[in-house]
Amino acid sequence: MELCDLSAHELSRMLRQRETSAREITQACLQRIEQVDGRPGSLEAGEITAEDRQRVHAFITVTAERALAQADAVDRKLTAGEDPGALAGIPVAIKDIFCVEGTPSTAASRILANFNAPYTATPVQRMEAAGAITLGKVNLDEFTFGSSSESSAFQPSPRNPWNTEHVPGGSSGGSTACVAAGEAPLSLGTDTAGSLRQPAAFCGVVGLKPTYGRVSRYGLIAFGSSLDCPGPVARNVTDTAMMMQVIAGVDPRDATTANVPTPDYLAELEKDIRGLRIGLSPDYFRISIPDPISGEYIQRDLPAEMYGSVLRAANLLRSMGAEIIDDVPMPNTRYGIPAYFVVSRVEAASNLHRFDGVKYGHRTAQPMNDLRKLYRVSRNEGFGLQPKLRILMGMYVSAAQYSEQYYNRALKVRTLIRQDFDTVFDRNGKYRLDALLTPTTPTTAFQMGAVYGDSVMMQFADQLTVPANHAGVPGLSLPGGLDNEGLPIGIQLLGPDFSEDVLLRIGRAFERATADDDWRQVKPRVLR
Amino acid sequence: MTEYIDSATFDHLVSLAALELDAGQAEYLRRELNHQLDAIRELEAIPLPDDLTITSHGVPYPPQTSQPPRADKVTPWAQPCAILDQAPQVDDDQIVVPDIPHTTLE
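Chains as they are written, first to last, in this note's numbering: chain C, 95 to 622; chain G, 870 to 975.
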């Protein structure tokens with residue numbers, strides 16, 4: 095096994111025992127990128143070739159020199175006997191929606207293609223201060239607007255390492271694809287409707303959406319300001335906890351971060367799960383989707399493989415001492431996507447008005463003598479179709495004559511969704527759950543191009559993840575098996591506010607219970 | 870599919886959004902907007918109690934977990950050049966934009 099295939103916690107142990115160096119680890123990751131990633135995302139990609147279709151294309155920008163300089167600094171600290179930090183020598187890939195000083199920070203959009211961030215986002219700054227090695231910036235849906243990563247202005251867009259004809263999910267598809275392919279042991283992503291958990295499920299890795307306010311959003315290019323949550327992607331739960339330990343906590347630069355103590359996630363991990371109450375909800379085992387012919391909404395049961403993976407996990411957790419509670423009602427789950435269509439678009443439209451071709455980013459090259467014309471032409475040239483769609487919808491549903499019908503109603507439905515969680519997590523209530531166990535996604539990874547362009551069907555890929563964003567509660571997606579095509583299945587744990595430590599503990603217990611499973615031994619196809 | 874947004878309403882939205890679209894983009898975007906509004910119509914069927922309040926963000930912010938407001942204090946940025954370097958057009962440390970042509974208000 096190569097260094098880049100080892101876990102972050104194993105690399106950390108080896109580094110501290112001087113069995114390897116930060117430079118060797120970094121070089122191994124850079125070499126893996128060279129082997130599997132193919133050409134980086136670009137605005138002028140031209141035709142997608144047969145060669146492109148076999149590569150991962152996770153990265154937009156690889157900052158190799160910067161990474162090696164950081165690695166050498168860690169090695170010098172180790173040689174000097176200094177504490178190099180909790181993530182010392184561990185390479186990390188940053189979703190290109192975070193600002194990193196002196197590097198292109200594009201949001202995968204033409205409108206920010208030439209933007210070099212003058213400051214660094216807090217989660218990145220905290221990881222770098224803890225000795226992490228920043229390998230570069232990874233691709234995503236433009237401004238995070240999508241669930242497949244195909245809408246990036248930087249093509250080729252990321253592909254799924256388990257089968258490169260399939261999407262990696264999105265919008266953190268570059269993050270999950272690069273971690274699955276061994277290009278980085280850790281990645282920093284974001285989750286607004288499931289953008290960490292859904293691609294984590296599709297790529298067979300772990301993705302944690304923290305509680306809203308647990309991780310700072312300072313330096314994150316905003317999409318939905320009441321929904322966005324930065325969080326870790328890793329290949330196992332322990333590495334997720336390691337990264338979470340560093341990025342979590344209050345930040346004076348983000349007033350929405352909560353002043354809540356950060357637990358010792360790693361210390362909590364190996365505790366047993368006896369007595370924890372874990373719920374199963376029938377409302378997460380069926381989906382509502384628009385019928386492609388009639389347009390009417392129909393309810394369908396999930397594919398048997400998805401349902402079976404969750405039940406198997408429940409049985410394993412029960413055998414380890416957890417109490418499984420059946421038939422937990424979450425009746426407003428089905429309204430998560432319709433409410434999200436409204437809330438997220440209003441927030442997106444508001445946030446995207448700052449991109450105007452004046453202060454930074456793309457300005458049209460056409461000569462202009464009217465500022466308003468400059469705005470329109472620059473924005474038209476700079477934004478792709480998905481940002482335009484979100485701006486237009488956000489403006490429509492928040493217009494004075496429609497806001498009661500759409501926006502205020504959606505915010506009230508959001509209250510109902512939050513009440514579902516409050517009811518089942520209530521310590522004095524009927525269910526008193528520590529966590530809900532659900533599938534992460536309605537299906538495994540779909541084929542490239544199969545859904546892209548249909549903005550409604552694409553959004554419904556987030557049906558089982560978006561309720562947690564409305565409610566603000568944390569969610570953890572774990573690999574739960576493989577389907578009959580060999581594609582990963584994700585299972586999800588949802589918990590009360592600030593219960594990431596409990597979710598990670600349950601996730602770690604599931605990992606221990608399945609450590610010898612055959613599916614755990616299978617590698618993504620790009621590594622075979 | 871119901872046409873909630875007709876072409877006149879759409880054109881007004883495009884203007885408010887400070888966008889300019891070609892015909893192909895406009896056709897796709899208007900179709901998808903109407904498609905999405907079909908999905909949003911699901912919300913209208915939900916019975917909402919009269920006293921139900923809105924939720925603007927999921928997690929409550931009681932005083933004990935909220936941060937105090939920051940001091941109202943200006944802190945100069947250490948490298949203003951790094952910010953000005955990002956501007957498309959600068960003259961003597963000022964960002965340059967075209968004029969807004971004079972319009973007589975009615």
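Just so you know, the hints here were simulated from the structure itself, not pulled from any lab data.
Heads up, the beta-carbon is just placed ideally off N, CA and C, and yes, glycines get one too.
Certain hints may be false.
Some chain C residues well away from chain G (every beta-carbon gap over 12 angstroms; in silico) [claimed, not checked]:
id, residue
1, E176
2, T458
3, H564
4, A609
Here are the computed lysine to aspartate or glutamate pairs in the EDC-like style, where the Cα-Cα straight-line distance is at most 16 angstroms [stated by the list, open to error]:
id, chain 1, residue 1, chain 2, residue 2
5, C, K453, G, D961
6, C, K524, C, D611
7, C, K506, G, D961
Going down the list of hints, with the structure as the test:
1. At roughly 26 angstroms, the least C-beta separation between E176/C and chain G is larger than 12 angstroms, which holds for a residue marked as non-interface.
2. A cut-off of 12 angstroms between C-beta atoms contradicts the statement that T458/C is not in contact with chain G; the least separation is 9 angstroms.
3. Non-interface call for H564/C relative to chain G: violated, since the shortest CB-CB distance, roughly 6 angstroms, does not exceed 12 angstroms.
4. Distance check on A609/C: its Cβ is at least 34 angstroms (rounded) from any Cβ of chain G, clearing the 12 angstroms threshold; non-interface status holds.
5. For the hint pairing K453/C with D961/G, the CA-to-CA distance comes to about 15 angstroms; that is within 16 angstroms, so the pair holds.
6. Restraint check: the Cα-Cα separation between K524/C and D611/C comes to about 35 angstroms, which exceeds 16 angstroms; the hinted pair is violated.
7. Simply put, K506/C and D961/G have alpha-carbon atoms about 50 angstroms apart, too far for the 16 angstroms limit, and the pair is violated.
Checked against the numbered hints given earlier, this structure breaks hints 2, 3, 6 and 7; the rest are met.
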